Structures are given as C-alpha cells and as structure tokens.
Amino acid sequence: METLRIEQTDDNPLVLLDQENQQFEITGKSLPEDVLDFYQPVLDWLSAYREKPLSQTIFNLKLVYFNTASSKLIMDILLIFEEMVEEGHEVIIRWHSLRSDEDMQEAGKEYEEMIEVPFEHIIYDK
Numbered sequence: 001m002e003t004l005r006i007e008q009t010d011d012n013p014l015v016l017l018d019q020e021n022q023q024f025e026i027t028g029k030s031l032p033e034d035v036l037d038f039y040q041p042v043l044d045w046l047s048a049y050r051e052k053p054l055s056q057t058i059f060n061l062k063l064v065y066f067n068t069a070s071s072k073l074i075m076d077i078l079l080i081f082e083e084m085v086e087e088g089h090e091v092i093i094r095w096h097s098l099r100s101d102e103d104m105q106e107a108g109k110e111y112e113e114m115i116e117v118p119f120e121h122i123i124y125d126k
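For what it's worth, our numbering labels the leading residue of the sequence shown as 1, then goes sequentially.
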C-alpha cells in the first residue's frame, strides 16, 4: 500500500501510515478546521489496510491535545482496529502521554475502556 503522510501544522497532527516500514502513528495537536475532511483519508487508508494487514500492527497515538470533534474521529479510527482484532489480527494501541499531562492519560484510559483492543500506556518525561 502507498504510504499516507500528512505533515504536522499548528492545528493538525502528523499522520504517518506506512505499511512497508511498519510505522503507524498520529502525533501532535488535533484541532483541524474541518475534522472530517482531515481524517477521511486516514479512515480510508485504514479501511483498505484492514483487508491485508501485517501480522502485527502497532499504532502509536502521541497526541498532546485534541478537540471534541477530533475525539469522535479518533474513536472511529480505534473502531477499525477493533474490527481487525475481531477478525483475528494482532493489534496494539500505544497511547503516549507526558507524565505531567493527566488529561491525556485519562483520555487514553477512557478509549481503552470503550474498545476491545490491547492498549499500552507509554508515559514519558519531556
């Protein structure tokens, strides 16, 4: 599959979906002006990837902030991974958050409770 890379801006996260190099991540702030327009290529790519995934998919979420509109699209992304798990594929979500950012840690825990996908919480210092 062709790699999907969306460069990071002040309001949009970096998106890197690279099957060949086994890199799957969303990093930064997510508050795009049109959240559906921004995330639709991500959802489309993941839906196609779901048809022929790697033996193991490790998806890294390294968000430092996301708005309410983004939270629903993040959930839509996670639901694709849940479907993959239900189909017998190995998926791990790695939720990265700063030790000092309790809000992002809590958000990761809330997502973990809502979906049936293994989560790893990566807590880091700056």
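Fair warning: there could be bad hints in the mix.
Mimicking PhoX-like on lysine-lysine, the simulated pairs with C-alpha atoms at most 25 Å apart in a straight line are [unchecked claim]:
no.: 1; residue 1: LYS62; residue 2: LYS29
no.: 2; residue 1: LYS109; residue 2: LYS62
no.: 3; residue 1: LYS126; residue 2: LYS52
no.: 4; residue 1: LYS72; residue 2: LYS62
no.: 5; residue 1: LYS126; residue 2: LYS29
no.: 6; residue 1: LYS52; residue 2: LYS109
no.: 7; residue 1: LYS29; residue 2: LYS52
no.: 8; residue 1: LYS72; residue 2: LYS29
no.: 9; residue 1: LYS109; residue 2: LYS72
Cβ-Cβ distance ranges computed for the label pairs, FRET-style [claimed, not checked]:
no.: 10; residue 1: GLU2; residue 2: ASP101; range: 14 to 24 Å
no.: 11; residue 1: LEU79; residue 2: LEU54; range: 12 to 22 Å
no.: 12; residue 1: LEU43; residue 2: VAL64; range: 13 to 23 Å
Hints listed in this document are in silico derivations from the structure and should not be mistaken for laboratory results. Note that the structure is predicted; figures quoted are calculated from it, not measured. We put the beta carbon where it would ideally sit given N, CA and C, even for glycine.
task = Quick one: which hint numbers does this structure break? Sort them smallest to largest.
result = Checked against the structure, the hints that fail are numbers 3, 6, 7, 10, while the rest are satisfied.
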